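Just so you know, the sequences run in chain order A and B.
Residue numbers are given in this note's numbering: position 86 of the first sequence equals residue 86, and the series is strictly consecutive.
Residue numbers are given in this note's numbering: position 59 of the second sequence equals residue 170, and the series is strictly consecutive.
Honestly, I wouldn't trust all of these hints.
[Claimed, not checked] Pairs of lysine-lysine residues, derived as DSBU-like cross-links and limited to a Cα-Cα distance of at most 35 Å, are as follows:
| # | chain 1 | residue 1 | chain 2 | residue 2 |
| --- | --- | --- | --- | --- |
| 1 | A | K71 | B | K160 |
| 2 | A | K57 | B | K179 |
| 3 | A | K57 | A | K70 |
| 4 | A | K70 | B | K179 |
| 5 | B | K160 | A | K57 |
| 6 | A | K71 | B | K172 |
| 7 | B | K172 | A | K9 |
| 8 | B | K160 | B | K172 |
| 9 | A | K57 | A | K14 |
Don't read these hints as lab results, they were simulated from the structure.
The model shown is predicted, which means the values in this text are computed figures rather than measured ones.
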Amino acid sequence: DGGITQSPKYLFRKEGQNVTLSCEQNLNHDAMYWYRQDPGQGLRLIYYSQIVNDFQKGDIAEGYSVSREKKESFPLTVTSAQKNPTAFYLCASSFTRGEQFFGPGTRLTVL
Amino acid sequence: AQSVTQPDIHITVSEGASLELRCNYSYGATPYLFWYVQSPGQGLQLLLKYFSGDTLVQGIKGFEAEFKRSQSSFNLRKPSVHWSDAAEYFCAVVTTGNQFYFGTGTSLTVIP
C-alpha cells in the first residue's frame with residue numbers, strides 16, 4: 001500500500017540533545033513538508049522540499065534542519081537550538097499542486 | 112497575500128443536526144481548495160478537494176463543500192452529524208507555486 005510513514009510515534013529528548021524524526025513516502029511525490037502543531041493550534045510550516053537536494057525554510061525554521069537526499073525521505077532534526085521543541089510534528093507529501101498526504105505524526109517531549 | 116480564514120474556532124452541534132463549517136480564502140488566481148479532518152493525536156485526512164468544474168464537491172464520510180468564487184468561500188457541510196465526526200477540521204488552499212496555506216482549524220463537538 002502506498003502511504004507516508006513517520007517514526008517514532010513518541011520521542012523523548014533531554015535538554016541539549018539533537019533528535020531526528022523520520023519521514024518516508026512511497027507515493028512518488030516530488031514535494032515533502034514538515035509541520036509543527038501545538039495544542040489547540042493550527043499547522044505551522046517548518047521546512048519544505050519541492051525536489052531532491054533542495055529545500056526551503058518555512059515560517060518557523062529556526063532550531064530545525066532537514067535533508068532531502070532521496071525522493072522518498074525527508075528527515076527532520078530538532079537541534080538543541082530549538083528552545084521549546086515539545087510539540088506534535090507532522091510530515092506530508094504531495095504532487096505539485098495536489099493534495100497533501102499526511103503521516104500519523106511524531107509527538108516529541110522534552111524531559 | 113494568500114491566506115485562509117476559518118472564522119469559527121469551535122462549534123457544538125447535536126447528533127443528527129446539520130453542520131456547516133465556514134472557510135474563506137484570499138488568492139488571486141484559480142484556487143485549489145481542500146478540507147481535512149484530524150482526530151486527536153493523528154495526522155490529517157483529506158475529506159474532499161476542489162480543482163475545477165462542478166462547484167459542489169462530494170467527499171468521504173458524507174461531507175460536501177461548495178465553492179463560491181464571488182464570496183471567496185469553500186464551506187463544508189454535512190446533513191446529519193454523527194458522534195464520530197467530532198474532530199478538528201482544516202481548510203487549505205494551494206497556489207500555482209505549490210505553496211499550501213491552512214486555516215487555523217475549527218474544533219467540532221457533537222452532543223449526543
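Now the hints, each set against the structure:
Distance restraint check for K71(A) and K160(B): the Cα-Cα separation of roughly 25 Å lies within the 35 Å cut-off, and the hinted pair is therefore satisfied. In summary, the hint linking K57(A) to K179(B) is supported, as the alpha carbons are separated by about 33 Å, within the 35 Å threshold. The straight-line distance between the Cα atoms of K57(A) and K70(A) is roughly 18 Å, inside the 35 Å bound, and the hint therefore holds. Distance check on the hinted pair: K70(A) and K179(B) sit about 40 Å apart at the alpha-carbon level, beyond 35 Å; violated.
Between K160(B) and K57(A), the direct Cα distance comes to roughly 26 Å. Compliance with the 35 Å bound is thereby established for this hinted pair. The suggested pairing of K71(A) with K172(B) holds, with an alpha-carbon distance near 32 Å, which does not exceed 35 Å. Restraint check for K172(B) and K9(A): satisfied, since their Cα atoms lie roughly 26 Å apart, inside the 35 Å limit. For the suggested pair K160(B) and K172(B), the alpha carbons sit about 14 Å apart, so the restraint of at most 35 Å is met.
For the hint pairing K57(A) with K14(A), the CA-to-CA distance comes to about 25 Å; that is within 35 Å, so the pair holds.
Of the hints listed earlier, the one the structure fails to meet is number 4.
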